[in-house]
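**Student:** Here is what each chain is made of, one letter per residue.
There are 2 protein chains.
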Amino acid sequence: MDTKIERLKQKGVVLTIQRLAVLEFLYHSSSHPTAEAIHTKLKKKYPMLSLATVYNTLEMLKQAGEIQELTIGNTKHFDPISKSHHHLYCRLCKRIIDVEISCPVCKSGRVQGHKVEEVQAVFYGICSDCLQRENGAK
Amino acid sequence: MDTKIERLKQKGVVLTIQRLAVLEFLYHSSSHPTAEAIHTKLKKKYPMLSLATVYNTLEMLKQAGEIQELTIGNTKHFDPISKSHHHLYCRLCKRIIDVEISCPVCKSGRVQGHKVEEVQAVFYGICSDCLQRENGAK
DNA sequence: AATCATTTAAGAATGATTCTAATATAAAAA
DNA sequence: TTTTTATATTAGAATCATTCTTAAATGATT
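Residue numbers (the working numbering), protein chains in the order written: chain A, 64 to 201; chain B, 64 to 201.
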């Protein structure tokens, strides 16, 4: 967390209360929240916080490489882990689960002569928990 | 194309003029069009065609496994190639380019105990053509 | 030909995100 | 410290893609 703040400072980013609040909330979150979800939670502590500011901050943090963005359906979700990894969306329990696989494209930043700057890989299916539940029920 | 139609028939899908038009248009397209783009083009030949029908048809074709859907930004694009592959979105020329890489998850349909039914992988970056143009300009 | 189910059209409704303009805050200069 | 300037925030309006709704049309079935 502190290193994230350090890096942002060095990039000349103004660290306002709003920005720090979003960054900290996301840092302690593991549920891949949407901008709206972040806004709803933070509003309890900062009633004046605007949804637009949350969106602006998330975009800024993404540009700075401190967070990851992933689109599920037509909604953006945010992930504090900046290290590149993939996700699985379970169509039964609706959870978004981190998936770490060895991806050559992610490592090299290249594929078939193209330069890759960002990777968004989402697997749609059924998570291991739900699979077990299904099998147990049979 | 004919085999696609055959498979759909066998699934009991009613092949209306609208559905065949969408399927055929997409089959001869290589630009990963949006629902709106498909609608705009087909309206010239079928002025009564509704955008909702295009959406419905695309959803049906996706469910039937005849086409692929991919989300770029907040817009869905459609791809006639049903065989699983990935895409690169070039932030300079804005093109969506097919990328074929050997992906173990796509092949096995499994990752870390989870069952994978669909894969949506989009690489964001700069395509080889634009890279060359950039280097040439230096 | 009559009945029933499915599909379509057109536009309204929705939901997520972005834009706008005024205000507030922070940084820089005097 | 005050003034100036630039940047960030707020609140709500606007936008855009997509989905929903309802009535009419079409296709399949009896």
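By construction, these hints were calculated from the structure, which means they are not laboratory data.
Be careful, since some hints might not be right.
Identical chains share a label here; the pair holds if one copy fits it or two copies do between them.
[As the list claims (entries may be wrong)] In silico SDA-like cross-links for lysine to any residue, where the CA-CA straight-line distance does not exceed 20 Å:
1. 125 / 155
2. 170 / 191
3. 107 / 162
4. 139 / 97
5. 106 / 128
6. 108 / 182
7. 157 / 179
8. 146 / 159
9. 170 / 80
10. 178 / 191
11. 108 / 154
12. 74 / 115
13. 74 / 156
14. 125 / 187
15. 157 / 92
16. 107 / 171
17. 139 / 111
**Student:** Each hint should be assessed against the structure and marked as holding or not.
**Tutor:** Now for the hints, and whether the structure bears them out:
| no. | hint | in the structure |
| --- | --- | --- |
| 1 | 125 / 155 | between (29 Å within a copy, 19 Å between copies) |
| 2 | 170 / 191 | between (26 Å within a copy, 18 Å between copies) |
| 3 | 107 / 162 | neither (32 Å within a copy, 45 Å between copies) |
| 4 | 139 / 97 | both (6 Å within a copy, 19 Å between copies) |
| 5 | 106 / 128 | neither (25 Å within a copy, 43 Å between copies) |
| 6 | 108 / 182 | neither (34 Å within a copy, 38 Å between copies) |
| 7 | 157 / 179 | between (29 Å within a copy, 14 Å between copies) |
| 8 | 146 / 159 | within (17 Å within a copy, 25 Å between copies) |
| 9 | 170 / 80 | neither (35 Å within a copy, 47 Å between copies) |
| 10 | 178 / 191 | between (34 Å within a copy, 7 Å between copies) |
| 11 | 108 / 154 | neither (33 Å within a copy, 38 Å between copies) |
| 12 | 74 / 115 | neither (22 Å within a copy, 46 Å between copies) |
| 13 | 74 / 156 | neither (39 Å within a copy, 28 Å between copies) |
| 14 | 125 / 187 | between (23 Å within a copy, 13 Å between copies) |
| 15 | 157 / 92 | within (17 Å within a copy, 33 Å between copies) |
| 16 | 107 / 171 | neither (43 Å within a copy, 45 Å between copies) |
| 17 | 139 / 111 | neither (23 Å within a copy, 34 Å between copies) |
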